[in-house]
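Asks: Listed here are the chains, written in short residue letters.
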Amino acid sequence: MLISNDKSYDARQAQSSVRVADVLVIGGGPAGVWAALTAAERGAKVILAEKGLVGTGGATAAGNTTTIYAGPSSIERDAEIKRRLNHAQGIADKRWVERVIDESYARLNQLADWGYPFPRDQHGRSYRGSLRGADYLRFMRRRLRKVGVEVLDQSPVLELLTDDGAAAGAVGINRLTNEIWTVHAGAVVLATGGCAFLSNGLGTNGLTGDGLLMAAEAGATFSGMEFSGQYGIAPLFASVTKGIMYFWATFSDEDGNELASEGDRQGVVARQLLKGRCFAVIDKATPYVQQGMRVGQPNMFIAFDRTGINPFRQRFEVTLRYEGTVRGPGGLSINVDGATSVTGLFAAGDAASRENMVGAASGGGGPNATWALSTGIWAGRAAAEFVARLGNKHHLRKPRPIGQAGLRPAREAELGSREVIKRVQDEILPIAKTFFRREDQLRQSLAALDSVWQDVSAELSAALLPASELVRAREAAAMLATARWIVASAIERRETRGLSRRIDHPEKDPALVRRFVTGGLDRVWVSPEVQLGALAS
Amino acid sequence: MIELVSQERCIACQACVSACPENVFDKVSHKPPVIARPDDCQTCFLCELYCPVDALYVSPFAETHEAVDETELIAKGLLGGFRRAMGWEGGHTGGTDRDLTYRMFEDGRVAP
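Residue numbers (the numbering used here), protein chains in the order written: chain A, 13 to 549; chain B, 16 to 127.
Derived from the structure by calculation, the hints contain no laboratory data. From a predicted model like this one, the values you see are computed outputs, not experimental measurements. A few of these clues could be false.
To be verified - Okay, the calculated bits of chain A under chain B, using three or more residues with CB under 8 Å as the criterion:
(1) 50-59
(2) 146-160
(3) 191-199
(4) 334-344
What the hints assert, rightly or not - Only some residues are given here: those of chain A computed to face chain B with a beta carbon under 7 Å:
(5) Leu65
(6) Thr78
(7) Gly136
(8) Gly231
(9) Pro310
(10) Arg318
(11) Gly320
Note that CB positions come from ideal geometry on N, CA and C, so glycine has one too.
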């Protein structure tokens, strides 16, 4: 459907009401709420815009999370640092691992001081190694109210505003009222999460790389995008990617033959799925652990209880759902303060590259939750300080919208978001293309995706009126852009390291203990950084 | 995916409309909301948690729709089952103080 010019997106944007803030935080998961809270505590006027509700948006809300809770100079802290560096395969930075753990330890204690109802373990000690997402985020929402953060729920951001190359706000839409809104801000924090490509993993469908596309339009760069061969195990029919329960699983093929459990759980399932169907039974958990799962993590059992399956006794069919950069570490390159390469633009949580913390590995729940919390705090603090240095001058700026693909097509055409999404998913979701990679396949995928990008940048129109369509068009463009950075980076890493598995290069190459930086929209580029040997020791 | 807004139970508070992270519902003034974009449902079950009267049912099938019968769901105790297991009440949080997740980390099989 084409519409008349007076209702074009640009016209609606130009007429939209303008709010002014010191700091705009985009995304209301753990990283976003900590960023907003910290900036507000430093005296900044903060607006937080979330695509869904601050409380249900993001992967933590539905999934729950473990945390790393290890005090200064404790045995647990030393063990955790060792474990992280071991998993990271040379790509992490010990100094970052330490500062993330220490910052989170202090803040988890602060949560307890604020009255967060942590449970007690069997010895009666307050247990702070786990957070239930829905409860955690509702608790944080109340803290945000207390410090005067203005929360915009159901308000996906569509594009950034810049002034002279510096981030200066954003434009979004309220999905419930269909109104376009504009925020002028002295600094912007992207806490938009990773990209899971609408793979139906638990709580991840809102995570479509929106912030990555917006940042790229401002000129930001990314790192670690190749460490993204990450999938979560779920019952075949269900969304519930609660991988932890499969530590107690026995996997089998269709005929009930037990599968050798070499490597990690996902690898066992992935290799079987290339051959046929895969089944699991959670038969190694004692009744004590079973009760821990059931009482602690009710979401693990919804799919089973509602279909009459007893997962501890009955085999059920499983699949893998792609988790992309939500669990894979790739994302925006940031410095120690969370600053991206764009002036005034900061990033936190899964939107930022987590390589400093987890290297080439996933990091699962605990490291990732801890990373979100700590980088949220640092980005919020740095954004507030940046605005303080700007003084009142930022209110005099003339911010201009910079969104392109999906918002401002060169031609009017009928390219639909759903078609674009399908073509992206065809190249990214299959295990045979992303869990196990091969150069010729990667090159074919990149050529296909580049071709879709040409169509999208020229023709994908988001000028349709319903908010859901406008948002979907930008999501389609964001997933496509993210897919290209992933595939282009995966081509360059000609080895197997962590979540970047190459069947044509099955060994590690000692010369590749380095990161690959990527970026670009019309032309995607990848560039190796210097060897990380000094950092990994 | 979301399959039921109980017309009997719904009090038209629109909590699910505000809470849904995927914007699946459309508000209807003084009436139960409608499931306007069922295929956008990500099967996260969070709307059930926010519903104060257990009026919603999310089928665990994430990629196919399932016909459901409200009487049968009630008989099986499935309406509000997730909310009760979590310990939320009337749209308010609860239950984290009884969380036994720590038991999964005691046998050394997995690190948090």
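Asks: Which numbered conditions among the earlier hints are violated in the structure presented, ordered from lowest to highest?
Replies: 1, 3, 4, 7, 8, 11
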